[in-house]
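Undergrad: If you want the building blocks of each chain, they are given just below.
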Amino acid sequence: MEILKNISNLLVKGEDEEVLKLTSEAIQNNLSAEEILNDGLIAGMNIVGELFRKHEIFLPEVLLAAKAMYAGMEQLKPLLIKEGVPTLGKVVIGTVHGDLHDLGKNLVGIMLKGAGFEVIDLGKNVLPKDFVDTAEKEGANVIGMSALLTTTMSAMKEVVNIIEERGLKNKIKTVIGGAPITAEYAAEIGADSYAFDAGKSVYCVKQLLGISA
Amino acid sequence: MAEILDIEIKKIIPGRSDIFKDQGIPADVDIKENIAHLGDKAQRIFQQISNPRMLLKEIEKETFKNVFEGEGKNEHYNPVMEIYQNADKLSLFAVTMGETVSREIEELFKANDFPLGSMLDSVASLAAEKSVRLLENKFENQCKEKYANKEEHVALGYSPGYCGWHISGQKKLFEYLNPFEIGVKLNESYLMTPLKSVTGVLIYGHKNIHLFDAGYEFCSFCRDQTCIERMKKIQSRNLS
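Just so you know, the sequences run in chain order A and B. Each residue of the first sequence is one higher than the one before, starting from 12 at the first, in my numbering. Each residue of the second sequence is one higher than the one before, starting from 1428 at the first, in my numbering.
Rather than coming from a laboratory, the hints here were simulated on the basis of the structure. C-beta atoms are modelled at their ideal positions from N, C-alpha and C, and glycine is treated no differently. Possibly wrong hints are sitting among the right ones.
[Stated by the list, open to error] Partial pick of chain B residues on the chain A-facing surface, computed with a CB cut under 7 Å: (1) G1451; (2) D1455; (3) I1462; (4) H1464; (5) Q1512; (6) N1539; (7) F1541; (8) P1542; (9) I1594; (10) S1616; (11) Y1617; (12) L1618.
[Stated by the list, open to error] In silico lysine to aspartate or glutamate, EDC-like type, Cα no more than 16 Å apart, as pairs: (13) K182(A) with E149(A); (14) K1516(B) with E1579(B); (15) K1492(B) with E1602(B); (16) K1599(B) with E1460(B); (17) K135(A) with E1615(B); (18) K1537(B) with D132(A); (19) K140(A) with E175(A); (20) K1484(B) with E1602(B); (21) K1459(B) with E26(A); (22) K1634(B) with E1656(B); (23) K24(A) with E1602(B); (24) K1537(B) with E85(A); (25) K1459(B) with E67(A); (26) K217(A) with E61(A); (27) K135(A) with E1533(B); (28) K1557(B) with E1435(B); (29) K182(A) with E147(A); (30) K32(A) with E85(A); (31) K135(A) with E1534(B); (32) K1565(B) with E1430(B); (33) K1660(B) with E1563(B).
Chain A with its partners taken away, still in its complex shape (with noise of 0.2 Å):
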């Protein structure tokens, strides 16, 4: 359809005011929630994605197409409930207790909605617990952690040990990121991912869900 098309276009050059217009007129035009979403909105991000990890565009044109992308789920938000529109995942995310750093964490809550994601962003200096309480509350899939000290990494752990002490280790996955962390730190406490930068951890939840990328 004509009009996704130039949703997604649109989102793809950034011009939020313009995907605003037309993700109302779509609306208006009877479109369903979930193919204004689908094939306009999450569309475009996807070819953002694609365009990021081809080193094509860079990480300004990204947020200008995440910001685009969220003015479109505004208008789109109170429909999509009505319709009850199934996300690809809930994902629960924050900078772990003590660290107060958060544009990396803020960076993967964009890029995971981008890509069609329910995400709740508990925020920083998230306590171990409240990471575990929110995703049982809200049967969240997946656990996602930052931190930039190496004095707070260690809370990431405690983490996974809540998990695994309340038999939820097949239930919630977790991914881990932040300048201090290595692959090696995630298999060394047990995370079951580690997400280089926040583009990667599209792929590294998605790999998580078993949704092919």
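Using the hints, position chain B against chain A.
TA: This is chain B only, laid out in the frame that chain A set:
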């Protein structure tokens, strides 16, 4: 005695090319108009709302030894322990870009203005780094004036959390320097607020004392190339 100084914003505001490099854009890529506009806007906001300040306090080697050893968690072998012992002069320092910038970045993200929030974050981080360069130059010039002009001497800054100096060293550094005077606080995880703040020690001595082989065990996990870049810089620097 501690010295508090305001920093002239024009001296620390990063240029366009540095901002775009920090945003991950390679130098040979043409910057689109809307991206350039974002960079300019972030620079303007930073100029309007930042409140950069710095604090300097000279410290004797013996006293610094106690600060550096901190909570006893440093890497057993690290370059800073060698460098400071061969120094002529040491000074603890703190710089901050102020609370308002961090708050503005947070607000921009909350309002879904990610591109501008991220761009302002880059500007503030780069400005904090430039402030440290400014302090290094200031301390170097002060030392050269005070203690005879040694042409091959330089001052470089080292911070807890880098080069084997454990981040828990912040605790004693804060006790001695008291950066609260310029509005910088430390939490129990040794994290500073405002976030765009840097602390550490300025080490003044012959340029050769700053040269080391980045082959320590912890170097293999470190993604930061700053030490290597600045060693190259001082090696090639015409100090006369």
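Undergrad: Run every hint past the structure and note whether it holds.
TA: Here is what the structure says about each hint:
Evaluation of the G1451(B) hint against chain A yields a held restraint, the C-beta minimum of about 5 Å falling below 7 Å. A distance limit of 7 Å between C-beta atoms decides the matter here; for D1455(B) the minimum to chain A is near 12 Å, and the interface restraint is violated. With a least beta-carbon distance of about 5 Å to chain A, the hint placing I1462(B) at the interface is held under the 7 Å criterion. For H1464(B), the suggested interface contact is broken, since its CB lies about 10 Å from the closest CB of chain A, more than 7 Å.
Look at Q1512(B): its Cβ only gets to about 25 Å from chain A, farther than 7 Å, so that hint breaks. With a least beta-carbon distance of about 4 Å to chain A, the hint placing N1539(B) at the interface is held under the 7 Å criterion. Evaluation of the F1541(B) hint against chain A yields a held restraint, the C-beta minimum of about 4 Å falling below 7 Å. Against a cut-off of 7 Å between C-beta atoms, the interface hint on P1542(B) holds, since the closest Cβ of chain A lies about 4 Å away.
Given hint, I1594(B) at the interface with chain A, holds; its Cβ is 5 Å from that chain's nearest Cβ, closer than 7 Å. A cut of 7 Å between beta carbons decides the hint on S1616(B): the least distance to chain A is about 3 Å, and the hint holds. This hint holds: Y1617(B) has a C-beta 6 Å from the nearest C-beta of chain A, less than the 7 Å allowed. Because the closest C-beta pair between L1618(B) and chain A is about 6 Å apart, less than 7 Å, the hint holds.
Restraint check: the Cα-Cα separation between K182(A) and E149(A) comes to about 12 Å, which is no more than 16 Å; the hinted pair holds. This hinted pair checks out: K1516(B) and E1579(B) have alpha carbons roughly 14 Å apart, not beyond 16 Å. Restraint check: the Cα-Cα separation between K1492(B) and E1602(B) comes to about 14 Å, which is no more than 16 Å; the hinted pair holds. Only pairs whose Cα atoms come within 16 Å are accepted, and K1599(B) paired with E1460(B) is rejected, the gap being roughly 47 Å.
At most 16 Å may separate the alpha-carbon atoms for a hinted pair to count; K135(A) and E1615(B) meet this at roughly 15 Å. This hinted pair checks out: K1537(B) and D132(A) have alpha carbons roughly 12 Å apart, not beyond 16 Å. A threshold of 16 Å between alpha carbons decides the hint, and for K140(A) with E175(A) the separation of about 12 Å falls inside it, so the pair holds. Only pairs whose Cα atoms come within 16 Å are accepted, and K1484(B) paired with E1602(B) is accepted, the gap being roughly 12 Å.
Using a Cα cut-off of 16 Å, the hinted pair K1459(B) and E26(A) holds, with the two alpha carbons roughly 14 Å apart. At roughly 14 Å between alpha-carbon atoms, K1634(B) and E1656(B) fall within 16 Å of each other, so this suggested pair holds. Restraint check: the Cα-Cα separation between K24(A) and E1602(B) comes to about 51 Å, which exceeds 16 Å; the hinted pair is violated. Annotation: proposed proximity of K1537(B) to E85(A) holds, straight-line Cα distance about 14 Å (limit 16 Å).
In summary, the hint linking K1459(B) to E67(A) is supported, as the alpha carbons are separated by about 13 Å, within the 16 Å threshold. In summary, the hint linking K217(A) to E61(A) is supported, as the alpha carbons are separated by about 15 Å, within the 16 Å threshold. The straight-line distance between the Cα atoms of K135(A) and E1533(B) is roughly 11 Å, inside the 16 Å bound, and the hint therefore holds. Between K1557(B) and E1435(B), the direct Cα distance comes to roughly 11 Å. Compliance with the 16 Å bound is thereby established for this hinted pair.
With a C-alpha separation of about 9 Å, the suggested pairing of K182(A) with E147(A) holds against the 16 Å cut-off. Taking the CA atoms of K32(A) and E85(A), the gap is near 12 Å; set against the 16 Å cutoff, the hint holds. Restraint check for K135(A) and E1534(B): the C-alpha separation of about 14 Å stays at or below 16 Å, so the hint holds. Annotation: proposed proximity of K1565(B) to E1430(B) holds, straight-line Cα distance about 12 Å (limit 16 Å).
Of the pairs offered as hints, the one joining K1660(B) and E1563(B) holds, with about 14 Å between alpha carbons and a cut-off of 16 Å not exceeded.
Hints 2, 4, 5, 16, 23 from the list above are not met by this structure, while the remaining hints are.
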